[in-house]
Amino acid sequence: MYAIVEIQGQQFKAEEGKKLFVHHMKDVEAGNTVEFEKVLLVENGDSVQVGAPTVEGAKVVCEVVTPLVKGDKVIVFKMKRRKDYRKKNGHRAQFTEIVIKQVIA
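So for the sequence shown, the numbering used here puts the first residue at 1; every next one is plus one.
Be a bit skeptical, because a hint or two may be false.
Said to hold, decoys possible - With a cut-off of at most 20 Å between alpha-carbon atoms, the simulated DMTMM-like pairs for lysine to aspartate or glutamate come out as follows: (1) K70 / E15; (2) K38 / D72; (3) K70 / E97; (4) K59 / E15; (5) K19 / E29; (6) K101 / E35; (7) K19 / E63; (8) K19 / E97; (9) K26 / E97; (10) K18 / E29; (11) K13 / E63; (12) K18 / E97; (13) K38 / E15; (14) K59 / D84.
Calculated directly from the structure, the hints in this document are not laboratory data. Since we're looking at a predicted model, the values are computed, not measured.
Sequences are here, hints too, so could you generate the full structure?
Right under this line is the structure:
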């Protein structure tokens with residue numbers, strides 16, 4: 001059984017026991033339980049329920065493992081040759097690590 005759920009504006013495939021790295025969620029601590037009710041699709045064996053836009057009564061229960069995980073460093077370098085133009089910029093995305101505990105349909 002799995003579900004397609006929208007978390008922080010992104011869609012994820014949620015199965016029990018699966019770890020996900022989602023955009024950083026503020027005001028959560030390690031060990032907290034979080035519920036997401038924006039379930040777009042639920043597959044249970046042979047039956048598939050597709051929401052319009054969401055499936056009624058379905059939710060995904062997750063546990064926060066690590067509230068702040070920094071992603072890999074991304075370097076953005078722009079250059080125009082012979083024009084003395086160089087710009088170097090970079091960033092590290094921030095994520096929250098969660099584990100799917102239960103898919104309720």
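TODO: List in ascending order the numbers of the hints, as given earlier, that are violated by the structure.
DONE: 1, 2, 14
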